[in-house]
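Number of protein chains: 2
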Amino acid sequence: MLGGMQDWELRVSGLLDHAARSDPAREIVTHWADGARTRTTWADLRRDALRVVQALRRLDIYPEDRVATLAMNHSRHLASWFGITGAGCVLHTINPRLFDDQLEYIVNHARDRVLIYDVAFHPIVERMRRRWPTIEHYVCFDDGRYAVTFADWIAVEDGDAMWDMNDERAPCMLCYTSGTTGDPKGVLYSHRSNVLHTLAMIQPACLAIEPRSCVLPVVPMFHANNWGLPWACAATGAKLVYSQVNEPVVLCDLMEAENVTHVGGVPTVWFAMFEHIDRTGAAMPGFKLALSGGSAVPVAVVERLMRAGVRVVQAWGMTETSPIATITYEPPGWDEMTFEQQVACKSRQGRAVYGSEVRTVGLSGAEGAADRDGATSGKLQVRGPWTIRRYFEAEEDAVGPDNWFDTGDVASISASGEVRLTDRTKDLIKSGGEWISSVELENAAVGHPEVLEAAAIGIAHPRWDERPVLVVVRRPGASVSAETLRAFLAGRVAKWWLPDAIEFVAELPHTGTGKISKKDLRAQFRDYRLPD
Amino acid sequence: MLGGMQDWELRVSGLLDHAARSDPAREIVTHWADGARTRTTWADLRRDALRVVQALRRLDIYPEDRVATLAMNHSRHLASWFGITGAGCVLHTINPRLFDDQLEYIVNHARDRVLIYDVAFHPIVERMRRRWPTIEHYVCFDDGRYAVTFADWIAVEDGDAMWDMNDERAPCMLCYTSGTTGDPKGVLYSHRSNVLHTLAMIQPACLAIEPRSCVLPVVPMFHANNWGLPWACAATGAKLVYSQVNEPVVLCDLMEAENVTHVGGVPTVWFAMFEHIDRTGAAMPGFKLALSGGSAVPVAVVERLMRAGVRVVQAWGMTETSPIATITYEPPGWDEMTFEQQVACKSRQGRAVYGSEVRTVGLSGAEGAADRDGATSGKLQVRGPWTIRRYFEAEEDAVGPDNWFDTGDVASISASGEVRLTDRTKDLIKSGGEWISSVELENAAVGHPEVLEAAAIGIAHPRWDERPVLVVVRRPGASVSAETLRAFLAGRVAKWWLPDAIEFVAELPHTGTGKISKKDLRAQFRDYRLPD
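Protein sequence lines correspond, in order, to chains F and X.
Following our numbering, the numbering of the first sequence begins with 1 at its first residue and continues without gaps.
Following our numbering, the numbering of the second sequence begins with 1 at its first residue and continues without gaps.
Treat the hints with care, since some could be wrong.
To be verified - With a Cα cut of at most 16 Å, we get these calculated EDC-like pairs of lysine to aspartate or glutamate:
1) X:K518 x X:E453
2) F:K426 x F:D397
3) X:K288 x X:E256
4) F:K519 x F:D60
5) F:K288 x X:D335
6) X:K288 x F:D335
Honestly, the hints are just simulated from the structure, not real lab data.
Keep in mind that this is a model prediction, so the values were computed, not measured.
Bound-form chain F, shown alone (with noise of 0.2 Å):
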């Protein structure tokens, strides 16, 4: 027997199609490289992704091919995103920031068939399309010179087109992880999981997004599903705006400009705007919401953000959760703490919502859930509707028994769930048998004003097993000295914790996701001797 209410497939075109229905004239906003600022609403982004399906079909392109997108932020973007998964076809977003060999394999392991990019990547199409025999079809967002633009691409249709309307769980997205070790792995979401999340993450414990929200999204289309952002706007009609630079002067003119209330970003992009705010003596810009999320924000970031009276909503998750898996909400209780408790309740990674599962297990692999005693740490593993099952075309399921997926992060959970990341696993520093833990160190570190980036590692010591090396960029003009630092972080850190030795270096190495590699600092620093 089965209950007697309506079917209906969760689609993410079902998203666009309220947008359009319930405020047509609703605005997306895109500010271009050239400085051009473009409006366009739902109801014609709605159509402009009809016609995307059209085209899609007229080169014979089919439900569940690949149709990748290499673009920064526009709403031309924003129309492909819609028109690639209206058609049933998975939208594979790609990493312009990855490197050569990453980027052959993921788009020949994706089997892209078609290709939507920003000209400013014309230099890796150029470099990369003999290295790329699987796509028939090119396609440029913003010029003509080298390929089809996408304006005259879907010009010739009338977008009087139906969406693909398979099952809730045929693929939807395709987005590969950037993988500090071995090849990068495609996670495939769903229809479904990308639905869900979204009526999770517009929840007011998490963005609390509604209708006359406006949302700048600074984290780039290509990271994570923009972190479920344009579908959350499509979901409550609300007003998107778009960025394709992302200079903090341009960024706080749209915010004040287009009246932004939620702006998401990674950690930088708070950095840069209040240094922009005190060079240039400008204004706070007015939104109310900052979601943070792809490494931890420094408290004291957290701290001017909330004194500002903007409500912090601090994310932990992964490309492979959609992104989300917890969130900063505020909890019973909040209103009674004092603003030092607040801001420290949102430096730390939050609690999961309905839809989400997080555990620790012990470190060493012992069986079952480890102590919600906000003091045990442990390997933290999450499962939901919206969680990894399988990588793209991988021989095995990437989760344990019961569907647990583990996360690669070092973790303890309080007993109401809140839980606070301690380390990546392979990033733990063993020192006499007990982990020192390298964020906790960096975090530290970047809290002192001379600092720019910091980075623990484990270098071997004959005694303790390993002991941690500090390495640190000072800020432009900055000279913090060595024994400095040390004592700043002797008030901060256990005693026991302290490096052994501060190297200041100029830079540090990163990922093509913007990471530390903590990988490449390892490598570089193999035949590193600690002072005695």
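Position chain X against the provided structure of chain F, taking the given hints into account.
Just chain X now, kept in the frame of chain F:
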């Protein structure tokens, strides 16, 4: 090809699992009819629900079997909701205000095998027992004189059980509509429809329920899925407050004592609350959100709530829509509206959120959707994943082509999707080839301070087909005359809408769910003659 994400059935037991996991100590408070207040927690409620699962299995009650409740609002009733649905059985919530023939019909139509009831309704059980042959087991929530008590029934179980994990489209709950014509009809919610409705209703545009919320549903648990509030509270781990009785003094005290943030009730709840405040000089309780539904709330009440700083959310829907079909969310431009405009916006029926779709079609049955011009009235239709497809055990679907369900209401829809109800289809008064809205006449009439209730019906007229008669109940001690009331209406409705007669009565007939029964009123006025 399927996406690579995890498969999880959307079952309401998963909502309870989340609540018990995310904040096990968060409370469910009950005020009992005898004045006692008890507290349980989400973790304990989950254990009790699992005991109910075991108790049902012990009685050889199987998945899909119907288990009925006949009870007011309290935590044991809530535990039975999660236990019955968690066992895979179908929860049938019986409205004790139905007439005996209806009570006989629905229990036999549902083939209920178990009934769990409040002792306050023992007279009904005593009276109906012989007419309810399908019921094999009686359990009493709060008294052991006539049947095993709920507490004893589950006390022998240990809660060490698993939820039934059938398909998410399996039935979850059965609510009968009292039906102004014909036999009551059963709406059969699925687990999926309830979970999707839950995710929609917690969003900021709807009820904005988050973990730190505290919700007091004054609406009875036997009314239309309790408006979805128990599921929404579980999905967020919010605190839940129930009262077995509805005296304003008790409700106001609960609101203050338990720091209630959200109150859900029919307009009568707000009338009674303000009457209590005005009479006793009590302070306005400090809740933040008033969810009003069931019937249109007068503008004056909306205004008074809003002046007290309460966010008013008026929802329109019906048992067949789970029940939320449209809701008065704050549209873009809300902050630029005057207070009067905001009050007017909140006094209409609002807009559909993602998952609910509305349209109007011609009153005369013409094909296709009517214009969304905010003026053209038409039959209001709804569809979506929590709208009914077919009544329980009906021979055919309750919907037309493309799943459109005809609500029986008449409305206009604006370009931005705002719905304004003008009447029930069958309550429209046809005069001189034009339609007069009985609802608008009644709303105008109850705007008069001396009018308690008013109902407009059409009386046959030789020239105009029908002409309106307004039937009015005066407030206690009031003495407003027909002439005065007619003059009051003259400035508020079109001249040709003015009733040909105004009749004062001691009371109006009501249906089992507390609505004015136009059917019975028309019967009373069958032989009425209009004045010349």
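Can you name, in rising order, the numbers of the hints this structure does not satisfy? Numbers 2, 4, in rising order.
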